[in-house]
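These protein sequence lines map, in sequence, to chains A and B.
77 is the number that this note's numbering gives to position 77 of the first sequence; each next residue is one higher, with no gaps.
1054 is the number that this note's numbering gives to position 54 of the second sequence; each next residue is one higher, with no gaps.
Don't read these hints as lab results, they were simulated from the structure.
We treat Cβ as the ideally placed atom computed from N, Cα and C, and that holds for glycine.
Misleading hints may appear alongside valid ones.
[What the hints assert, rightly or not] What follows is a set of in silico ranges between Cβ atoms, one per label pair, in the way DEER data are often shown:
hint, chain 1, residue 1, chain 2, residue 2, range
1, A, Glu105, B, Val1030, 35 to 45 Å
2, B, Phe1033, A, Pro23, 31 to 41 Å
3, A, Lys24, B, Gln1045, 43 to 53 Å
4, A, Ala58, B, Asp1052, 19 to 29 Å
5, B, Arg1048, A, Leu36, 42 to 52 Å
6, B, Ser1040, A, Thr2, 37 to 47 Å
[As the list claims (entries may be wrong)] Chain B regions said to be covered by chain A (calculated; three or more residues, Cβ under 8 Å):
hint, segment
7, 1024-1030
8, 1035-1041
9, 1044-1056
If you want the building blocks of each chain, they are given just below.
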Amino acid sequence: MTKPHKDTALARFLQTRILQLKPKTQAEIAHEAGFLNANVLSMLRSGSTKLALDRVPALALALDCDPARLLRLALGQVVGDTAANAIIEIMGTPISANERAWIEEIRNASDDSDPRITARSRSALRGIFGK
Amino acid sequence: MKRKMFQGFVVPQDGPLTEAERLWVDIIRVICFDGVPRPSLEPVQALRDALDDQRRLRGRPGS
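With the sequences and hints as input, model every part of the structure.
Here it is, written out as structure tokens:
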């Protein structure tokens, strides 16, 4: 079987995420995402098929991952990375509810002074997120 | 103002981000490879400390 999407960021993400969710099975994830055929998830993971954009919200819920991130990855698969970047540049990057909440916190903490990100703040973020 | 939500997404009309905010989001995404967590008390306090430090440094002469 050909795997035209095996080198995409979305296929790589699925490989990692499905492993992280164990003992949850692929069949359970596929069912929660509303795929009638559980094999679809295997095909997405191996890159033999691409993720339809309208499946992103349900699959993000089933994978317990950031829907905005999954949308960006799916867009890259559907139209290619260059076109996806162009779309995001023109339409604005999709931002998740959690990302928006962090922006609100930054606005509040900085009295809406629109602080630049510095080497120091970048280092602080790494500490905050434990990376 | 109540935010417009659609299955976990905030709709783009919910206020544009500034260039600096976009950079904050980009960096947070890179650091949080597995997805950005919801803000909670301890991380928010650490963020406030970091921004306070940044503000103090900016206020210093010659900075």
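To see whether the hints hold, each was checked on the structure:
| no. | hint | in the structure |
| --- | --- | --- |
| 1 | Glu105(A) x Val1030(B): 35 to 45 Å | violated (18 Å) |
| 2 | Phe1033(B) x Pro23(A): 31 to 41 Å | violated (22 Å) |
| 3 | Lys24(A) x Gln1045(B): 43 to 53 Å | violated (33 Å) |
| 4 | Ala58(A) x Asp1052(B): 19 to 29 Å | violated (41 Å) |
| 5 | Arg1048(B) x Leu36(A): 42 to 52 Å | holds (48 Å) |
| 6 | Ser1040(B) x Thr2(A): 37 to 47 Å | holds (45 Å) |
| 7 | 1024-1030 | holds (count 5) |
| 8 | 1035-1041 | holds (count 5) |
| 9 | 1044-1056 | holds (count 11) |
When each numbered hint is compared with the structure, violations occur for hints 1, 2, 3, 4.
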